[in-house]
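J.: The residues making up each chain are set out below.
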Amino acid sequence: GAGVSQSPRYKVAKRGQDVALRCDPISGHVSLFWYQQALGQGPEFLTYFQNEAQLDKSGLPSDRFFAERPEGSVSTLKIQRTQQEDSAVYLCASSLQAPVGYEQYFGPGTRLTVT
Amino acid sequence: GDSVTQMEGPVTLSEEAFLTINCTYTATGYPSLFWYVQYPGEGLQLLLKATKADDKGSNKGFEATYRKETTSFHLEKGSVQVSDSAVYFCALRSGTASKLTFGTGTRLQVTL
Chain L
1 GAGVSQSPRY KVAKRGQDVA LRCDPISGHV SLFWYQQALG QGPEFLTYFQ
51 NEAQLDKSGL PSDRFFAERP EGSVSTLKIQ RTQQEDSAVY LCASSLQAPV
101 GYEQYFGPGT RLTVT
Chain X
1 GDSVTQMEGP VTLSEEAFLT INCTYTATGY PSLFWYVQYP GEGLQLLLKA
51 TKADDKGSNK GFEATYRKET TSFHLEKGSV QVSDSAVYFC ALRSGTASKL
101 TFGTGTRLQV TL
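These protein sequence lines are chains L and X, in that order. With this note's numbering, the residue at position 64 of the first sequence is 64, and numbering never jumps. With this note's numbering, the residue at position 111 of the second sequence is 111, and numbering never jumps.
Isolated chain L (complex conformation) (with noise of 0.2 Å):
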C-alpha cells in the first residue's frame, strides 16, 4: 500500500515568509509524527499527534512554528517568518496505534532552504 507522503518535497523560501509542509500518513494510522534533520545530523522530534490531538509539542523551537491535524488524517506544519537556521528536512512518521511496540514509518521528507 502506500507509504506516508509529503510536499512539496522541496521548498525555497525566503527569510520572512510563512511556509506550509504537508504530510499524509498511511490510512489508518492513528499516531503522527514530525521532526526536523539539519545537514548532517540524526532527525530530532518536534511534534507529535495521536489522532486530532497534540500530545506532545516539547519539540518544536519557538513560537513561529505550529502544527495541526485537524481531522486525525493528514497533518500541516507551518513555520511563520522563516529563518535561515530554519533550513532543515522536515520528515514526517506515522504510526498503526499507540507508539509504544509499534514502527513509526517515515515519509520521503521536505527539504526546505531559506535565502
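It is possible that part of the hints are untrue.
Below are the DMTMM-like pairs computed for lysine to aspartate or glutamate, each with C-alpha atoms no more than 25 Å apart in a straight line [unchecked claim]:
no.	chain 1	residue 1	chain 2	residue 2
1	X	K49	L	E103
2	X	K52	L	E103
3	L	K78	X	E69
4	X	K77	L	E103
5	X	K56	L	E103
6	L	K14	L	D56
7	X	K49	L	D56
8	X	K68	L	E103
9	X	K60	L	E103
10	L	K57	X	D2
Derived by calculation from the structure, the hints in this document are not laboratory data. Small disclaimer: the values here were computed from a predicted structure and weren't measured.
Assemble chain X onto chain L, guided by the hints.
T.: Quick look at chain X alone, frame taken from chain L:
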C-alpha cells in the same frame, strides 16, 4: 535527557568486509533500541530493533544486541555489499515516551 552517540563516518569498506558501527546510549528507564537506514534519495527505514536487554535484532544480514551493562547497541554485518551503502542511524525510545531520539548517523560506503 536521552541521547545516542554513534561513531563518526564515513566508513569505507570493500565488498565482503566485516562491518561494525558503534552505538552507545544514555536513557532513563529501559529504552527500546533501533537501527534505521537511509538509502540515497529515500526515506528512513527501520532496519532492526530490540526492546529489552540481551535481545538481538536482526534483518538482511545485519545484527545488533542490546547490551544494558555497556549501554550499547552496535550494528554488525559479516559481509557487506555495495548495495548496503547508506546512512545508518541508531535511535532509542524511552519507556512510554512517544518520540525517537536519534544519533547523528554514520555514512557507509562500500566499494568493489
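J.: Next, verify each hint and record whether it holds.
T.: Hints versus structure:
1. Among the hinted pairs, K49(X) with E103(L) is consistent with the structure: their alpha-carbon atoms are about 9 Å apart, no more than 25 Å.
2. Our distance criterion of 25 Å between C-alpha atoms is met by K52(X) and E103(L), whose separation comes to about 16 Å.
3. For the suggested pair K78(L) and E69(X), the alpha carbons sit about 42 Å apart, so the restraint of at most 25 Å is broken.
4. Between K77(X) and E103(L) the alpha-carbon distance is near 22 Å, which keeps this suggested pair within the 25 Å criterion.
5. Distance check on the hinted pair: K56(X) and E103(L) sit about 17 Å apart at the alpha-carbon level, within 25 Å; holds.
6. Restraint check for K14(L) and D56(L): not satisfied, since their Cα atoms lie roughly 29 Å apart, outside the 25 Å limit.
7. For the suggested pair K49(X) and D56(L), the alpha carbons sit about 24 Å apart, so the restraint of at most 25 Å is met.
8. This hinted pair checks out: K68(X) and E103(L) have alpha carbons roughly 22 Å apart, not beyond 25 Å.
9. Using a Cα cut-off of 25 Å, the hinted pair K60(X) and E103(L) holds, with the two alpha carbons roughly 17 Å apart.
10. Distance hint between K57(L) and D2(X) is fulfilled; the C-alpha atoms sit about 17 Å from each other, no more than 25 Å.
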